[in-house]
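On the provided structure of chain A, position chain B as indicated by the hints.
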Amino acid sequence: MDQLLQHCLNALMLGGTYALLGIGLTLIFGIMKVVNFTHGELYAFGAYMMYMLVMLTGVNFFVALGLAIILGVLLGALLEFVLLSRLRGADIDTTMLVMIGAWIALQNAEQLAWTGVAVNIRNPFPAAPLVMGPVSVAWNRVFVFAIALALIFATYRLINHTKLGRAMRATFQDRDTAALMGVQINRIHTATFALGSGLAAAAGALLGPVFVAYPSMGDLAAAKAFAVVILGGLGSIPGATAGGFILAFVEELGAGYISSGYRDAMGFVLIIVILLFRPTGLFARRERIG
Amino acid sequence: MKFHGLWSILAATFFAAPAMAQDTIKIGVTQPLTGAFAASGNYVADGAKIAEAAVNAAGGVLGRKIQLIIEDNKSNPTETVATAEKLIAKDKVPVMIGAWSSTLTLAVMPKLMEYEVPMVVETSSSGKITTSGNPYIFRISPTSEMEAKAFAGMVKKFGIKKADFLATNNDFGLGASQEFSQMLKGQGVQVGTIETMDPKATDFSAQLAKIKASGGDTLFVTTAVEQATLILRQAKEQQVKARIITTGGSVSPDQLIAQAGEAANGSYHLVFFTPWFPEAVKNPDIAKKFVAEWNARKYNAGGLTEGFRGWDAVHTVVEAIKLAGKAEPKAITDALWKVHVKGINGDIAFIKQGPAGKESAQNVPSVYVVRIDNGKVVKN
Numbered sequence: 070m071d072q073l074l075q076h077c078l079n080a081l082m083l084g085g086t087y088a089l090l091g092i093g094l095t096l097i098f099g100i101m102k103v104v105n106f107t108h109g110e111l112y113a114f115g116a117y118m119m120y121m122l123v124m125l126t127g128v129n130f131f132v133a134l135g136l137a138i139i140l141g142v143l144l145g146a147l148l149e150f151v152l153l154s155r156l157r158g159a160d161i162d163t164t165m166l167v168m169i170g171a172w173i174a175l176q177n178a179e180q181l182a183w184t185g186v187a188v189n190i191r192n193p194f195p196a197a198p199l200v201m202g203p204v205s206v207a208w209n210r211v212f213v214f215a216i217a218l219a220l221i222f223a224t225y226r227l228i229n230h231t232k233l234g235r236a237m238r239a240t241f242q243d244r245d246t247a248a249l250m251g252v253q254i255n256r257i258h259t260a261t262f263a264l265g266s267g268l269a270a271a272a273g274a275l276l277g278p279v280f281v282a283y284p285s286m287g288d289l290a291a292a293k294a295f296a297v298v299i300l301g302g303l304g305s306i307p308g309a310t311a312g313g314f315i316l317a318f319v320e321e322l323g324a325g326y327i328s329s330g331y332r333d334a335m336g337f338v339l340i341i342v343i344l345l346f347r348p349t350g351l352f353a354r355r356e357r358i359g
Numbered sequence: 004m005k006f007h008g009l010w011s012i013l014a015a016t017f018f019a020a021p022a023m024a025q026d027t028i029k030i031g032v033t034q035p036l037t038g039a040f041a042a043s044g045n046y047v048a049d050g051a052k053i054a055e056a057a058v059n060a061a062g063g064v065l066g067r068k069i070q071l072i073i074e075d076n077k078s079n080p081t082e083t084v085a086t087a088e089k090l091i092a093k094d095k096v097p098v099m100i101g102a103w104s105s106t107l108t109l110a111v112m113p114k115l116m117e118y119e120v121p122m123v124v125e126t127s128s129s130g131k132i133t134t135s136g137n138p139y140i141f142r143i144s145p146t147s148e149m150e151a152k153a154f155a156g157m158v159k160k161f162g163i164k165k166a167d168f169l170a171t172n173n174d175f176g177l178g179a180s181q182e183f184s185q186m187l188k189g190q191g192v193q194v195g196t197i198e199t200m201d202p203k204a205t206d207f208s209a210q211l212a213k214i215k216a217s218g219g220d221t222l223f224v225t226t227a228v229e230q231a232t233l234i235l236r237q238a239k240e241q242q243v244k245a246r247i248i249t250t251g252g253s254v255s256p257d258q259l260i261a262q263a264g265e266a267a268n269g270s271y272h273l274v275f276f277t278p279w280f281p282e283a284v285k286n287p288d289i290a291k292k293f294v295a296e297w298n299a300r301k302y303n304a305g306g307l308t309e310g311f312r313g314w315d316a317v318h319t320v321v322e323a324i325k326l327a328g329k330a331e332p333k334a335i336t337d338a339l340w341k342v343h344v345k346g347i348n349g350d351i352a353f354i355k356q357g358p359a360g361k362e363s364a365q366n367v368p369s370v371y372v373v374r375i376d377n378g379k380v381v382k383n
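The listed protein sequences correspond, in order, to chains A and B.
Position one of the first sequence corresponds to residue 70 (my numbering), numbered consecutively onward.
Position one of the second sequence corresponds to residue 4 (my numbering), numbered consecutively onward.
It is worth saying that the hints were derived from the structure and are not from the lab.
Treat the numbers as computed from the prediction; the structure is a model and nothing was measured.
We put the beta carbon where it would ideally sit given N, CA and C, even for glycine.
Each hint should be verified, as a subset may be incorrect.
[Said to hold, decoys possible] A few chain A residues that face chain B, going by a derived Cβ cut-off under 10 Å, partial list only:
{"no.": "1", "residue": "VAL186"}
{"no.": "2", "residue": "MET286"}
{"no.": "3", "residue": "ASP333"}
{"no.": "4", "residue": "PHE337"}
{"no.": "5", "residue": "ILE341"}
[To be verified] Label-pair ranges, simulated between beta-carbon atoms:
{"no.": "6", "chain 1": "B", "residue 1": "GLU331", "chain 2": "A", "residue 2": "TYR326", "range": "52 to 60 Å"}
{"no.": "7", "chain 1": "A", "residue 1": "THR246", "chain 2": "B", "residue 2": "GLN242", "range": "55 to 63 Å"}
{"no.": "8", "chain 1": "B", "residue 1": "ASN298", "chain 2": "A", "residue 2": "GLY158", "range": "51 to 59 Å"}
{"no.": "9", "chain 1": "A", "residue 1": "THR184", "chain 2": "B", "residue 2": "LEU326", "range": "32 to 40 Å"}
{"no.": "10", "chain 1": "A", "residue 1": "ASN177", "chain 2": "B", "residue 2": "LYS68", "range": "27 to 35 Å"}
{"no.": "11", "chain 1": "B", "residue 1": "LYS379", "chain 2": "A", "residue 2": "THR184", "range": "20 to 28 Å"}
{"no.": "12", "chain 1": "A", "residue 1": "PRO195", "chain 2": "B", "residue 2": "PRO113", "range": "50 to 58 Å"}
{"no.": "13", "chain 1": "A", "residue 1": "THR126", "chain 2": "B", "residue 2": "LYS341", "range": "55 to 63 Å"}
{"no.": "14", "chain 1": "B", "residue 1": "GLN242", "chain 2": "A", "residue 2": "ALA219", "range": "26 to 34 Å"}
{"no.": "15", "chain 1": "A", "residue 1": "ALA334", "chain 2": "B", "residue 2": "GLY156", "range": "34 to 42 Å"}
{"no.": "16", "chain 1": "A", "residue 1": "LYS102", "chain 2": "B", "residue 2": "GLN242", "range": "40 to 48 Å"}
Here chain A stands alone, though its shape is the one from the complex (with noise of 0.2 Å):
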């Protein structure tokens, strides 16, 4: 029984890091339909912007919070402004050997940069863990699962009831219409892109003094952000919410009571036979395209 709460307290926790995880990749390859390959890559750099400004510069932690995250939107709109702006109404091929080809540049970047040694990020909270009867939990999951929650539900708004949201899912639905309505598409391709590159570098500053920073941090988190977009249905913040939560529970229950050693085989059995059963993913409703 012990081993159940504890197994459902982790899950819960890591849930909520594969749904940021997810959101972020979402806008990109669900709504904007390019096939990311980056994504891993702004979450390693979120974890390193965290450790240059807290542990090389000093900065606080809570501070260097948002400036990695602000830092992280940049970068994305860098990217999507030098190359996916070229190759608007290209086809999915050409797009996605291009990210690859960025994805493997920015690795390497990151290991030029900060060597292949993996670093340690302080962090503010207490060592000891929140203990709760017989289980427990770190003080800084906690906090990182309450800031993912915040950001998952404020992405949710700003997509679903903004004015900007709008002109991004017009855009990505049908860009000559939203053109012709006045959207500045341009803009809002920069926009998307940079908006869940950033969510995908606060992923990164939130984990990063979790776990350790290192160059190929980011290769396993791209693979489960995929995974979790699929599962809930491309395109749907909800969805990869809780694809995120159902991602988790399985891994970890499943590790617990049947073999550690497939844990991670786990949740992409799980995507077939969901995928099986709802073509869409879980919430989405629309054809699949691309």
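Same frame as chain A, now just chain B:
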């Protein structure tokens, strides 16, 4: 003037390059310089470069200087095969050193058979490497079985009654948990749960909750230093009370202290070099010289427990070339069987392992256990 310049470039390209190649003896090195094992691979390469400089400063071998050609295998088995192909076919190296991880070493082994080029294995500990019948393998690092055997004498002292395992899900981790659990069972110790994890995973909450429920007094952890750091931290978060012992010799205690902080206290580590007390090793003069040079080059002190592998591997190769009298694969393979080298880990010499007629070579290295106490590494 213009033509003169052009001619010198041509001359340099066509005549000088082959002349250079004859001057040096090339040694191929394949290490993970990028990817998941980048930290360790770079340390081994750094150690090898210190050895290269030391050998050349002492006049080289057979009157020629040695030249390391270090290729990055990107922590990836396919890339490792590609580096071996490049080193052997293009650079024509007569001998290789590599490839850090057991999985990478196993991947490259068929290439050694194909080209009949020997390789000194400096790190990998999976038993399969020396028992699969590859006569071009010369391993200087201990197998998991040797580590387990070395640890057997300490089981009583530690008072282990029930042990759990957490290992990375590859040749290295699975091999080690098998050897250690067998050894412990032989001593009457109860073996609880054996958990595995993806080599890239960063969250071990599920495994640790299960290990906590199993309730052993000791947890054996087999993985690289990055995951070990996170396991120590997360074990503390989940209040796992078991004593943690890491195996494999690649979990740098200095790096753990720097990155896991308090959570590293009270953990034990199997290492193959103890740079904190170089006077305690078998050949203290060599160890002290190596540590001094490492520090003079301002390399990370946490890398010494990996870096020494590069030094020992290069000296083993150089000794073999000296005995062979020529830099050719066949002669070096034969000579490697006869080497007696004073290394940092101890005296290096090879015994036969694996199926008769096509045995691999295995060194019997020293294994030490150290403990982290209040942020300091102490002798156990």
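Right, here's what the structure says about each hint:
1. VAL186: holds (4 Å)
2. MET286: Holds, because the Cβ-Cβ distance from MET286(A) to chain B comes to roughly 7 Å (cut-off 10 Å).
3. ASP333: holds (5 Å)
4. PHE337: PHE337(A) check fails; min Cβ-Cβ to chain B is 12 Å, beyond 10 Å.
5. ILE341: violated (19 Å)
6. GLU331(B) with TYR326(A): 52 to 60 Å: holds (57 Å)
7. THR246(A) with GLN242(B): 55 to 63 Å: holds (58 Å)
8. ASN298(B) with GLY158(A): 51 to 59 Å: holds (58 Å)
9. THR184(A) with LEU326(B): 32 to 40 Å: holds (37 Å)
10. ASN177(A) with LYS68(B): 27 to 35 Å: holds (31 Å)
11. LYS379(B) with THR184(A): 20 to 28 Å: holds (25 Å)
12. PRO195(A) with PRO113(B): 50 to 58 Å: Given about 53 Å between the Cβ atoms, the range holds.
13. THR126(A) with LYS341(B): 55 to 63 Å: holds (56 Å)
14. GLN242(B) with ALA219(A): 26 to 34 Å: holds (28 Å)
15. ALA334(A) with GLY156(B): 34 to 42 Å: Check passed, 39 Å falls within 34 to 42 Å.
16. LYS102(A) with GLN242(B): 40 to 48 Å: holds (46 Å)
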